[in-house]
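Peer 1: One letter stands for each residue in the lines below.
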Amino acid sequence: MHVHRYEQAWFYFTLGLLIVFFSAVMTAALAFGVNVPSPQGVVNPNDLSTTDFAEPGVRQLSDTVYEAYVVGRMWQWDPAEIRIPAGAHLKLYITSSDVQHGFKVMGTSLNIMVVPGQVSLATHTFDEPGEYLVICHEYCGIGHPQMSAKIIVEPVQEP
Amino acid sequence: MAISRNLKALTLAYALLGIAALFVGALFGPLQALDHARIDTYPYLRMLLPFVKSYYMGLSLHGILNALIWTFSFTAGFLLFVTAKALKREYPRMWMPWLSFALMVVGLLCTAYALLTNQASVLYTFYPPLQGPPIFYFGLVLVVVSTWVVALSLISIYRAWRKEHPGERTPLPAFMSLATYVMWFIASLGVAAEVLVLILPWSLGWVQYTDPQLARTLFWYTGHPLVYFWLLPAYVAWYVILPKRVGGKLFSDPLARLVFLLFVLMSTPVGFHHQYTDPGVPAGWKAVHAVFTFLLFIPSMLTAFTVIASIEHGGRKRGGKGTFGWLRTLPWNDPVAVTMMLAGIGFMFGGIGGLVNASYNINLVVHNTSFIPGHFHLTVGTAVTLTFMGLTYWLWPQLTGRRIISDKLAVIQAWVWFVGVMIFARGMHWAGLMGFPRRVSMSAANYWLEEWNAPAMMTAVGGSIMYIGALLFFFIVVASFFTKRVTVDEEEYAFAEALSQADRAPALFERWSVWVGAAVVLILFAYGPYLLTYTYNFISPGFSGIW
Numbered sequence: 001m002h003v004h005r006y007e008q009a010w011f012y013f014t015l016g017l018l019i020v021f022f023s024a025v026m027t028a029a030l031a032f033g034v035n036v037p038s039p040q041g042v043v044n045p046n047d048l049s050t051t052d053f054a055e056p057g058v059r060q061l062s063d064t065v066y067e068a069y070v071v072g073r074m075w076q077w078d079p080a081e082i083r084i085p086a087g088a089h090l091k092l093y094i095t096s097s098d099v100q101h102g103f104k105v106m107g108t109s110l111n112i113m114v115v116p117g118q119v120s121l122a123t124h125t126f127d128e129p130g131e132y133l134v135i136c137h138e139y140c141g142i143g144h145p146q147m148s149a150k151i152i153v154e155p156v157q158e159p
Numbered sequence: 160m161a162i163s164r165n166l167k168a169l170t171l172a173y174a175l176l177g178i179a180a181l182f183v184g185a186l187f188g189p190l191q192a193l194d195h196a197r198i199d200t201y202p203y204l205r206m207l208l209p210f211v212k213s214y215y216m217g218l219s220l221h222g223i224l225n226a227l228i229w230t231f232s233f234t235a236g237f238l239l240f241v242t243a244k245a246l247k248r249e250y251p252r253m254w255m256p257w258l259s260f261a262l263m264v265v266g267l268l269c270t271a272y273a274l275l276t277n278q279a280s281v282l283y284t285f286y287p288p289l290q291g292p293p294i295f296y297f298g299l300v301l302v303v304v305s306t307w308v309v310a311l312s313l314i315s316i317y318r319a320w321r322k323e324h325p326g327e328r329t330p331l332p333a334f335m336s337l338a339t340y341v342m343w344f345i346a347s348l349g350v351a352a353e354v355l356v357l358i359l360p361w362s363l364g365w366v367q368y369t370d371p372q373l374a375r376t377l378f379w380y381t382g383h384p385l386v387y388f389w390l391l392p393a394y395v396a397w398y399v400i401l402p403k404r405v406g407g408k409l410f411s412d413p414l415a416r417l418v419f420l421l422f423v424l425m426s427t428p429v430g431f432h433h434q435y436t437d438p439g440v441p442a443g444w445k446a447v448h449a450v451f452t453f454l455l456f457i458p459s460m461l462t463a464f465t466v467i468a469s470i471e472h473g474g475r476k477r478g479g480k481g482t483f484g485w486l487r488t489l490p491w492n493d494p495v496a497v498t499m500m501l502a503g504i505g506f507m508f509g510g511i512g513g514l515v516n517a518s519y520n521i522n523l524v525v526h527n528t529s530f531i532p533g534h535f536h537l538t539v540g541t542a543v544t545l546t547f548m549g550l551t552y553w554l555w556p557q558l559t560g561r562r563i564i565s566d567k568l569a570v571i572q573a574w575v576w577f578v579g580v581m582i583f584a585r586g587m588h589w590a591g592l593m594g595f596p597r598r599v600s601m602s603a604a605n606y607w608l609e610e611w612n613a614p615a616m617m618t619a620v621g622g623s624i625m626y627i628g629a630l631l632f633f634f635i636v637v638a639s640f641f642t643k644r645v646t647v648d649e650e651e652y653a654f655a656e657a658l659s660q661a662d663r664a665p666a667l668f669e670r671w672s673v674w675v676g677a678a679v680v681l682i683l684f685a686y687g688p689y690l691l692t693y694t695y696n697f698i699s700p701g702f703s704g705i706w
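Protein chains in written order, with the working numbering: chain A, 1 to 159; chain B, 160 to 706.
Keep in mind that a hint or two might mislead.
Calculated Cβ distances over 12 angstroms to all of chain A for the following chain B residues [stated by the list, open to error]:
1) M216
2) L275
3) P292
4) I314
5) H324
6) T482
7) P490
8) F595
9) A638
Which residues of chain A face chain B? A few of them, derived with a C-beta cut under 10 angstroms, are [as the list claims (entries may be wrong)]:
10) F21
11) M26
12) G57
13) V58
14) L61
15) S62
16) V65
17) A122
18) T125
19) S148
20) I152
21) V156
Stretches of chain B that chain A covers, calculated by requiring three or more beta carbons in the stretch to come under 8 angstroms of a beta carbon on chain A [said to hold, decoys possible]:
22) 426–440
23) 449–460
24) 523–534
25) 543–555
26) 604–617
Hints listed in this document are in silico derivations from the structure and should not be mistaken for laboratory results. Glycine included, every Cβ here is placed at the ideal spot set by N, Cα and C.
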């Protein structure tokens with residue numbers, strides 16, 4: 001097949017561009033740990049009482065590591081407020097007790113789908129104190145626009 | 160050979176059905192754009208149309224009528240027409256394409272009934288466990304089956320032609336049309352399985368529970384190649400009609416064929432890039448789909464090269480000199496050429512945004528933000544829609560024997576749409592980067608960030624301008640029923656010739672079984688191991704009436 005040399009050059013330019021972009025993305029994923037979610041097991045959304053989601057809330061695991069179990073239901077996040085100290089590394093386990101939801105924390109890269117039957121895990125280290133807005137980003141019915149919550153990162157007092 | 164009256168009638172019927180869907184679907188566009196700036200205009204709409212219950216009913220209509228019915232109907236009419244025109248023969252069984260049209264109409268009526276009665280305000284993605292009535296899904300099944308009957312019609316005319324022309328290269332427009340529907344047939348099997356196996360029995364109450372994660376995966380198996388089912392007909396126009404309109408030749412026929420074959424091969428094993436943030440898909444498989452998605456960027460970049468080179472060829476033949484002088488000599492008064500060139504410019508920005516969406520972890524920044532609808536209003540909303548508007552102007556004299564009401568008005572129409580979408584999409588992308596969610600009725604939200612003020616205003620203004628462009632289009636279509644009859648100059652509406660001819664394409668390009676076989680292998684690789692190891696979890700009862 002005849003391919004004009006400008007066409008060839010354009011093809012190699014495109015291929016080079018894609019390789020550079022893809023390398024950058026994968027470097028961020030593998031070397032800097034900015035990765036997309038993976039499966040964390042399944043649950044029964046109709047009966048969360050025998051799971052870790054029975055009592056949604058925050059638990060401290062160590063000095064700086066916290067975990068939170070969050071349930072999305074029409075149309076609120078439970079808990080609607082999460083308090084952690086600045087510098088905390090937060091592991092968020094999230095699931096839904098009804099329809100699909102989406103969990104997004106403004107000002108961070110925390111963004112994950114919440115699908116009934118699935119456990120979503122997203123982690124983030126909150127260094128900056130302040131109030132972070134959490135919203136539901138997947139359509140879940142008429143109350144969807146009111147489904148927000150907050151993560152409050154409290155400043156740590158130096159002793 | 161002239162196109163038969165029968166086929167002209169069918170093409171016109173399909174085009175008008177699509178335009179009617181767009182007319183209803185587009186009505187909600189400016190209301191959504193204004194809502195992004197927290198201006199609630201639905202109370203006013205309800206004075207006119209009291210059955211519009213909510214923002215989400217409007218949004219469901221907007222998505223399904225514009226993204227599915229307008230595109231599918233117009234594509235069917237256009238590609239059935241160009242295939243017969245290129246093969247210079249009739250469809251062996253004309254009842255087949257008419258059957259596809261009837262299925263589309265009945266499917267649309269079923270779906271529209273469910274939507275207009277607010278029973279199916281589940282948006283165009285209809286993610287379970289949101290549950291619409293069975294008639295909604297039944298209607299969607301008919302719409303998809305209609306596209307399959309179009310595919311069979313194209314195959315039947317191709318086989319008849321092939322018998323008469325053994326060993327010849329398929330004329331390019333017919334080759335592209337066939338490739339488009341072959342790609343779509345393979346791609347549509349995911350959503351067909353989702354609706355027929357998972358959703359319909361569950362919506363009918365035959366089974367109580369479904370698996371929402373599995374439904375998402377099957378939906379997006381089809382959901383991304385759907386994008387190419389929208390785009391490829393526009394590519395057909397850019398390859399074989401636009402070069403002719405600007406007075407040039409297609410740069411390379413074999414390369415155009417290769418591009419379409421790459422889409423047959425690569426369009427489907429990429430669905431996980433819509434599911435980067437899904438909990439139920441391993442990161443490794445998401446990365447595999449990311450690689451395939453990146454490779455899929457290549458045929459679009461080749462298209463950009465070929466189309467721009469062909470336009471430049473035309474501009475230079477019209478006397479354009481220097482590096483950019485050929486731009487000035489292009490026919491900026493021809494609405495067919497102008498719509499398609501502006502559509503192409505919109506698509507460049509759309510392509511760049513698409514690469515961002517495809518970029519694995521970078522997607523975490525934009526997933527389900529207004530960046531995404533900002534992106535696809537440049538692709539399906541402009542590259543495709545504006546091209547189809549131009550195709551309406553191209554088809555009109557051929558189908559009706561009448562001129563369009565005014566070339567000048569049609570050129571203005573194209574520019575109004577283009578300026579509108581540029582402002583709208585700029586606002587949507589910008590807001591999205593600052594976390595502005597899609598699918599949220601902002602006038603009803605209990606949160607707002609100050610930094611969203613400026614981009615939301617751009618979105619509202621741009622969206623409103625787009626709607627003026629749409630209204631101009633509808634006006635031109637209706638008014639053009641009443642213009643003087645003209646005789647159509649066949650030469651003016653001939654397809655573009657190629658600089659590098661079809662006979663330079665390898666014979667392998669005509670071996671469909673090889674390309675389809677390779678596409679199936681890639682799909683089995685991309686989805687097979689995942690589906691074998693996936694933890695099936697049928698636990699979700701349906702939720703309806705929550706909107």
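Peer 1: Against each hint, give a clear statement of whether it holds in the structure.
Peer 2: So, going through the hints one by one against the coordinates:
{"no.": "1", "hint": "M216", "verdict": "10 angstroms, violated"}
{"no.": "2", "hint": "L275", "verdict": "17 angstroms, holds"}
{"no.": "3", "hint": "P292", "verdict": "16 angstroms, holds"}
{"no.": "4", "hint": "I314", "verdict": "25 angstroms, holds"}
{"no.": "5", "hint": "H324", "verdict": "21 angstroms, holds"}
{"no.": "6", "hint": "T482", "verdict": "14 angstroms, holds"}
{"no.": "7", "hint": "P490", "verdict": "24 angstroms, holds"}
{"no.": "8", "hint": "F595", "verdict": "10 angstroms, violated"}
{"no.": "9", "hint": "A638", "verdict": "38 angstroms, holds"}
{"no.": "10", "hint": "F21", "verdict": "7 angstroms, holds"}
{"no.": "11", "hint": "M26", "verdict": "7 angstroms, holds"}
{"no.": "12", "hint": "G57", "verdict": "20 angstroms, violated"}
{"no.": "13", "hint": "V58", "verdict": "20 angstroms, violated"}
{"no.": "14", "hint": "L61", "verdict": "21 angstroms, violated"}
{"no.": "15", "hint": "S62", "verdict": "25 angstroms, violated"}
{"no.": "16", "hint": "V65", "verdict": "21 angstroms, violated"}
{"no.": "17", "hint": "A122", "verdict": "9 angstroms, holds"}
{"no.": "18", "hint": "T125", "verdict": "15 angstroms, violated"}
{"no.": "19", "hint": "S148", "verdict": "5 angstroms, holds"}
{"no.": "20", "hint": "I152", "verdict": "15 angstroms, violated"}
{"no.": "21", "hint": "V156", "verdict": "26 angstroms, violated"}
{"no.": "22", "hint": "426–440", "verdict": "holds (count 7)"}
{"no.": "23", "hint": "449–460", "verdict": "holds (count 7)"}
{"no.": "24", "hint": "523–534", "verdict": "holds (count 5)"}
{"no.": "25", "hint": "543–555", "verdict": "violated (count 0)"}
{"no.": "26", "hint": "604–617", "verdict": "holds (count 4)"}
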